[in-house]
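One-letter residues, chain by chain:
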Amino acid sequence: MLKLENVSASYGSVPAISNVSIEIAEGEAVGLLGANGAGKSTTLRAISGLVKLTSGTVTLDGVNLASNPPHRIPEFGIAHVPEGRQVFPEMTVHENLEIGSYVPKAKAERRQTLELVYGIFPRLAERRKQLAGTMSGGEQQMLAVGRGLMLRPRLLMLDEPSLGLAPVMTDVTFEKIGEIHKMGTAILLVEQNVSRALSLVQRAYVLESGNVIMSGASAELANNKQVQAAYLGI
Amino acid sequence: MFETVAQAVINGLLIGGIYALVSIGVTLIFGVVKIVNFAQGEFVMIGMYISFFLANQYGIDPLLSLFVTMPVLFVMGVLIQHFLIRRVLGPNDMPQIFLTFALSLLLLNLALMLFSANYRTVHTSYSDEAFHVGGLYIPEAKLIAFVVAMALSGLLWLFLHTTDLGKAMRAASQNRDVAMLMGINPNRVFCVALGIALALAGAAGSLLMPFYSAYPFVGQVFVLMAFVAVVLGTLGNVMGALIASLMMGIAESLGIQYVGADSGQIVVFAMLLLTLAFKPTGLGGGRAR
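Line by line, the protein sequences are chains A and B.
Per this note's numbering, the first sequence runs over residues 1 to 234.
Per this note's numbering, the second sequence runs over residues 235 to 523.
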């Protein structure tokens, strides 16, 4: 479905990723793992068009995405839940969700999708009139994921959903992501918490200094000596 | 004693409605597009001249000319955003400051050239009418201006809180990048923000015309008050700007009453300095609501 071929991107003159090639099939859950600064977030931002590619291509079912401005990308069914949640703080929970279905196709199904999202995250339903900025980190993470789901995406990209969360909240978040995946949504998960991520995704790519240094099935990577030493603390 | 205070408060509140229209526009542009529009007062001036000419040439009541000034200025706002401001948006503030400042000077001097520095007034059937309520004097034209100003502010609030485009505007003001991730086209939202802000300035112009003179520099009077209101009400906060404008109208009027006829603004600027010193984020708190 989504294919990145030899993608390079940079912030000014500082290269952030180089020659990254990854692929995600329909309904698949794929991890993008690595240490801080390895280029995981940049890879997501390259898909969303928030950073310009210096070379390479991003295609969805063969259609070139990179020629579109960032605000066009959601129309292709790609939802990006950014790092640090970034909910709209001065808008209510409900308004945040509504704006998640801003594109016409998603707007047509808004009512049903709201029900679905409130079903997955009952806590959000309880807080629907609360200003998003006044909620706890875990609740904001649920809202950010729910807002992404409002697009009815084919691909949900999650950037460090466990960042800054208490272990209990991380458990809940991963459980919900698993549920969403079971509903048929493809997941691209960026995580520093490698063991957690490997328990959720089917395959993963490991990034280091902007390059893909390894890839394979989750079980394979979990047993890999190099991965164990570098990321799993074994 | 009580009556003098009450009269001053009413006078201030009524003119505060006009300040609100101007300052809401400034704060909306600042909140959404993140630029300071120094030319906002000139759009009030343009609104006044349009109303003046419609009244003078065709006998159209200035209040009815709202239906002309608002759409004309809305389109002007969209064009200014699309063809001028869009080109200077970037990490550097200076081009934006110079652009709106230059626009202000350009419009002012164009008005001087086209209309001369003369004061223009429109006399309507209600210009000299007033309601007398319990010893208080409420000029009809100012009351109408206040009511319409409040109604327009209310409509804007409804737009921002109940329509998708309005919510998209608030979202873009709170986090532009993430708004794009939602599929919101920033330039489209900025165009609408400029359009609305200028339409409100145009409305202020039409509402002023039955009791205020049009002249090329008239915008300066209002834009100064608007900037103070925008700071007092917290930059980018529409509700804050509205409340601060009304407060400033009252403060100015009380200043005129108790400090001196030319000294009303002393009170307003004292308020500004005290706010900046003790609560620099403004009295509104939070951001674009």
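Since the hints were derived computationally from the structure, they do not count as laboratory data.
Because the structure is a prediction, the values reported are computed rather than measured.
Where a beta carbon is used, it is the ideal one built from N, C-alpha and C, also for glycine.
Take these hints with a grain of salt, some might be off.
[Stated by the list, open to error] Beta-carbon label-pair distances, calculated as ranges:
(1) A:ASP61 <-> B:ARG410: 28 to 34 Å
(2) B:ALA240 <-> A:GLN130: 36 to 42 Å
(3) B:THR515 <-> A:LYS52: 32 to 38 Å
(4) A:GLU26 <-> B:MET328: 45 to 51 Å
(5) B:VAL381 <-> A:GLU26: 56 to 62 Å
[Said to hold, decoys possible] Residues from chain B that keep clear of chain A, each with C-beta distances beyond 12 Å, as calculated:
(6) PHE287
(7) PHE335
(8) ALA406
(9) ASN409
(10) MET414
(11) VAL423
Among all the numbered hints in the text so far, which are the ones the structure does not match? Going through the list in order, the structure violates hints 8, 9, 10, 11 and respects the others.
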